[in-house]
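Participant: Kindly generate the complete structure, drawing on both the sequences and the hints.
There are 2 protein chains.
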Amino acid sequence: MPALDVAGEFETIDRLLKPLAHPEWGRGLADDVAVLPSRPGYDLVLTKDMLVEGVHFLPEDPMDTVARKLLRVNLSDLAAKGAEPFGYLLACAWSERCGWPERKAFAAGLAQDQVQFSVLLLGGDTVKTSGPASFSLTGLGWVPKDRAISRAGAQVGDLVFVTGQIGDGRLGLRAARGELSLEPERIEALAAHYRMPMPRVDFADVVRDFASASVDVSDGLAADLTHIATASGVGLTMNLNVLPLSTAAQAWFADRVDPQLSLEELATGGDDYEIAFTAHPRHEEALRHLAESRFLRLTRIGEVTAGTGLTVLYDDQPIQLARTGWTHG
Amino acid sequence: MPALDVAGEFETIDRLLKPLAHPEWGRGLADDVAVLPSRPGYDLVLTKDMLVEGVHFLPEDPMDTVARKLLRVNLSDLAAKGAEPFGYLLACAWSERCGWPERKAFAAGLAQDQVQFSVLLLGGDTVKTSGPASFSLTGLGWVPKDRAISRAGAQVGDLVFVTGQIGDGRLGLRAARGELSLEPERIEALAAHYRMPMPRVDFADVVRDFASASVDVSDGLAADLTHIATASGVGLTMNLNVLPLSTAAQAWFADRVDPQLSLEELATGGDDYEIAFTAHPRHEEALRHLAESRFLRLTRIGEVTAGTGLTVLYDDQPIQLARTGWTHG
Chain A
1 MPALDVAGEF ETIDRLLKPL AHPEWGRGLA DDVAVLPSRP GYDLVLTKDM LVEGVHFLPE
61 DPMDTVARKL LRVNLSDLAA KGAEPFGYLL ACAWSERCGW PERKAFAAGL AQDQVQFSVL
121 LLGGDTVKTS GPASFSLTGL GWVPKDRAIS RAGAQVGDLV FVTGQIGDGR LGLRAARGEL
181 SLEPERIEAL AAHYRMPMPR VDFADVVRDF ASASVDVSDG LAADLTHIAT ASGVGLTMNL
241 NVLPLSTAAQ AWFADRVDPQ LSLEELATGG DDYEIAFTAH PRHEEALRHL AESRFLRLTR
301 IGEVTAGTGL TVLYDDQPIQ LARTGWTHG
Chain B
1 MPALDVAGEF ETIDRLLKPL AHPEWGRGLA DDVAVLPSRP GYDLVLTKDM LVEGVHFLPE
61 DPMDTVARKL LRVNLSDLAA KGAEPFGYLL ACAWSERCGW PERKAFAAGL AQDQVQFSVL
121 LLGGDTVKTS GPASFSLTGL GWVPKDRAIS RAGAQVGDLV FVTGQIGDGR LGLRAARGEL
181 SLEPERIEAL AAHYRMPMPR VDFADVVRDF ASASVDVSDG LAADLTHIAT ASGVGLTMNL
241 NVLPLSTAAQ AWFADRVDPQ LSLEELATGG DDYEIAFTAH PRHEEALRHL AESRFLRLTR
301 IGEVTAGTGL TVLYDDQPIQ LARTGWTHG
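Line order of the protein sequences matches chains A and B.
Sequential numbering from 1 applies to the first sequence in UniProt numbering.
Sequential numbering from 1 applies to the second sequence in UniProt numbering.
Since the hints were derived computationally from the structure, they do not count as laboratory data.
Some clues are possibly wrong.
What the hints assert, rightly or not - In the DSS-like style, the derived pairs of lysine-lysine whose C-alpha atoms are separated by at most 30 Å in a straight line are:
1) A:Lys18 / A:Lys104
2) B:Lys104 / B:Lys18
3) A:Lys145 / B:Lys145
4) B:Lys145 / A:Lys18
5) A:Lys145 / B:Lys18
Said to hold, decoys possible - Now the stretches of chain B that chain A is said to cover, found in silico as 3 or more residues with beta-carbon under 8 Å:
6) 40 to 51
7) 147 to 156
Said to hold, decoys possible - Residues from chain B that face chain A, not an exhaustive set, calculated with beta carbons under 7 Å:
8) Ala91
9) Asp125
10) Val127
By construction, the Cβ of each residue, glycine as well, lies at the ideal position given by its N, Cα and C atoms.
Facilitator: Below, the structure written as C-alpha cells:
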C-alpha cells in the first residue's frame, strides 16, 4: 500500500537522480514527462529492457554495477540497430535492501556510464517493493532516417559476424555464483563481465553502414542468430569451432572433457551483449579494418544460406543443439 | 536465474502481445527496438510509470484491470501535459500467479484500452520474477512544437481548476480492501475507480490551449498543487469546501463525524488521475463551456497568489494539513 516516506521517493529524485538529468528535455525531473524536439532527418529508436533481482542480477551484486548493467543492456540493443544513444527513462522498484547507500551507489554507477556513453536521464519513476528489486529502463537513440538495421534483411551469400567474445555472459554468471574452479583473476574477469557487460556502442556506425541484418547477443548466440534467420526468411550457419573465446573462457575450456558440449553451452548461454550481424562478402575487408582500428575483435562465424533456421556446425558436421537459448519470461 | 521456459516469454510475445503492436513502428515486436519517424512541427512527450503488486494494485485484482490501470496512469500524465497519446512500450515482470489465463486477461485489457484511447504497443520486455509482479510502461504522445504544458507557468491571479472528482482513488483503495461500510454499489463504484481510473485524455487539447500550468492528480491533490506552486514560484490556494466528490464519496462523507478531516483525507489521498491546472480568469467561461460539452465536471478550486506553497482553506480559514500526499518511493 502507499506508504508515507518523505526520505524515499522525493529525496531519491532530488538528490540522486536530478544531477543525472538532461538539462532541457528532462525538465529537471520536476515534471511527469520528458519532452523531446523532433530531429528532422533522423528516426528515434526506442528500447526497453528490465532487470529483476535473482533473475538478471544476483541479490549480492553491488548496486552500481546493477545500474550500469541495466543501462548497458539497453545501449546494446540500440547499438545493434545502428543507433547512437542520447538518453533514457528509468523506473526503479527498490527492495528493502535498497537503503540510501545502495541508491547512492546506483546513481553513481549511472553517472559514470552517462559520461562513458554520452547519455542523460530524461525521466521515470521510483517506487518501493516488498519483493526483489526490479528496474526498467527505456533507452533512446537517433539513427539517420530509414537507416535502422533490423533482424530482417540477411541475404543468401552474406557472411555472419560477431563482435568480441562469446560465452563470458554464461561463464560470468557461474563465476559470480562461485560454481567455477579457475584462478581467482579469471573468476574475477568473468564475474565482472556478467555484472557489467560492454555494449558495442562504438561499433554502431559500422553496423549501420555495412550490416544487412543485426541483433545483440542477449538470449544466446544460437537463439539470436535464429532470430535473424526467421525474420529474414533465410538459413544461417554457425561454426562452433571458431567461437571467439576470452582468455578466461579459454582457460575454462581447456579443462573440459567434452569440447563440443562446452562450446554449445557458451553459444547458447546469453548475456554476452555482443553484436551478431550479417553483411555482404564485399564488405569483409572494410569490416575487419574498422574493427581492428577500434581494437575490437571481429569473427566471421558463418554464412547465410538458402533454407530456414540455424545450422550449427562442429568439425564441419551439422549438429543438433540440446537447446538454443535461455528465456526470462 | 535464467530458466528455460518456451511457453513463457516467446508465447507471451507471439500470441498475446504481437496482436497489439503498431504495424510499422513496433516492427511486429520481432526486433529489440521500436523505430519512430520524426514528426516535424511536433514534440514527443514521454512518460514512464511503474505499478507494483501490493503497492499500486492488490494481489487479487483482476489482471485486465491491472493492465488498463498501468496504461491509464501513463495516459493521465500525457493528458496533463496536453499531449495526444499514440503508443507505448511495456515491460512485464510476471509473478508466479501470472499463468497463461492471467497473461491473456492482461493482454485483453490492453486491447480494450488500445481501442478506447487510440494507442498501439511499440515494444518492450517480458520476464519472470519470484516476487510480486511489477509492470513498467513508457507512454508516448505528440504535442505541437513547444506547446507542452509544464508544472511551471502559473501566474499570480490565475484560477485553479480540477477535472472530475477527487477522493475516489483513496476511497477506492479502502473499498477494494473491504474497509468501508457503504451500500454494495457504492463500494463497487469506488473499487472500480481504484482499479481502473479514467485518464482525462479527452481534455488534453483544452489543457494545452488554456492552462498556464498543469499536473495530473496522482500523489494527492494537495501534493500535486504544491508541485505547481513550487515549480511556478507562486502560491496556490485550495478551498476544501468545494472539493468535487462523486456520489459514492458523498455517501461516505455524509456519515463522517469530522468533515474537515475527511475532506483532508480525500484531498491528500492520490490515485485520482484527474487534471489539476491553472488558467487566466479570462478563460474561465471557455473552460466551463468546453468541459460541459464533453460531459466533464470542472471545479474552480482556488487561485494563484503571491507567496509560496499551498494554502488550504476550510470555511474560509487557512488550515494546516497533517500531511500533503502519499509517496511510493
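Participant: Taking the hints in turn, state whether each one holds.
Facilitator: Status of the hints after comparison with the structure:
A threshold of 30 Å between alpha carbons decides the hint, and for Lys18 of chain A with Lys104 of chain A the separation of about 12 Å falls inside it, so the pair holds. Note on Lys104 of chain B and Lys18 of chain B: the hinted pairing holds, with a Cα-Cα distance of about 12 Å set against a maximum of 30 Å. A hinted pair counts as satisfied when its Cα atoms are at most 30 Å apart, and Lys145 of chain A with Lys145 of chain B qualifies at roughly 20 Å. Straight-line distance between C-alpha atoms of Lys145 of chain B and Lys18 of chain A comes to about 25 Å, which keeps the hinted pair within the 30 Å bound.
For the proposed pair Lys145 of chain A and Lys18 of chain B, the alpha carbon gap of about 25 Å is at most 30 Å, so the pair holds. For the region 40 to 51 of chain B, the assignment as covered by chain A holds, since 11 residues bring a beta-carbon within under 8 Å of that chain's beta-carbons and 3 suffice. Given a C-beta distance limit of less than 8 Å, the hint that chain A covers the region 147 to 156 of chain B holds, as 4 residues qualify and 3 suffice. Here the hint on Ala91 of chain B is kept, as its CB sits about 4 Å from the closest CB of chain A, short of 7 Å.
Hint status for Asp125 of chain B: holds, given a least beta-carbon distance of 5 Å to chain A, under 7 Å. For Val127 of chain B, the shortest C-beta to C-beta distance to chain A is roughly 4 Å, which falls under 7 Å, so the interface hint holds.
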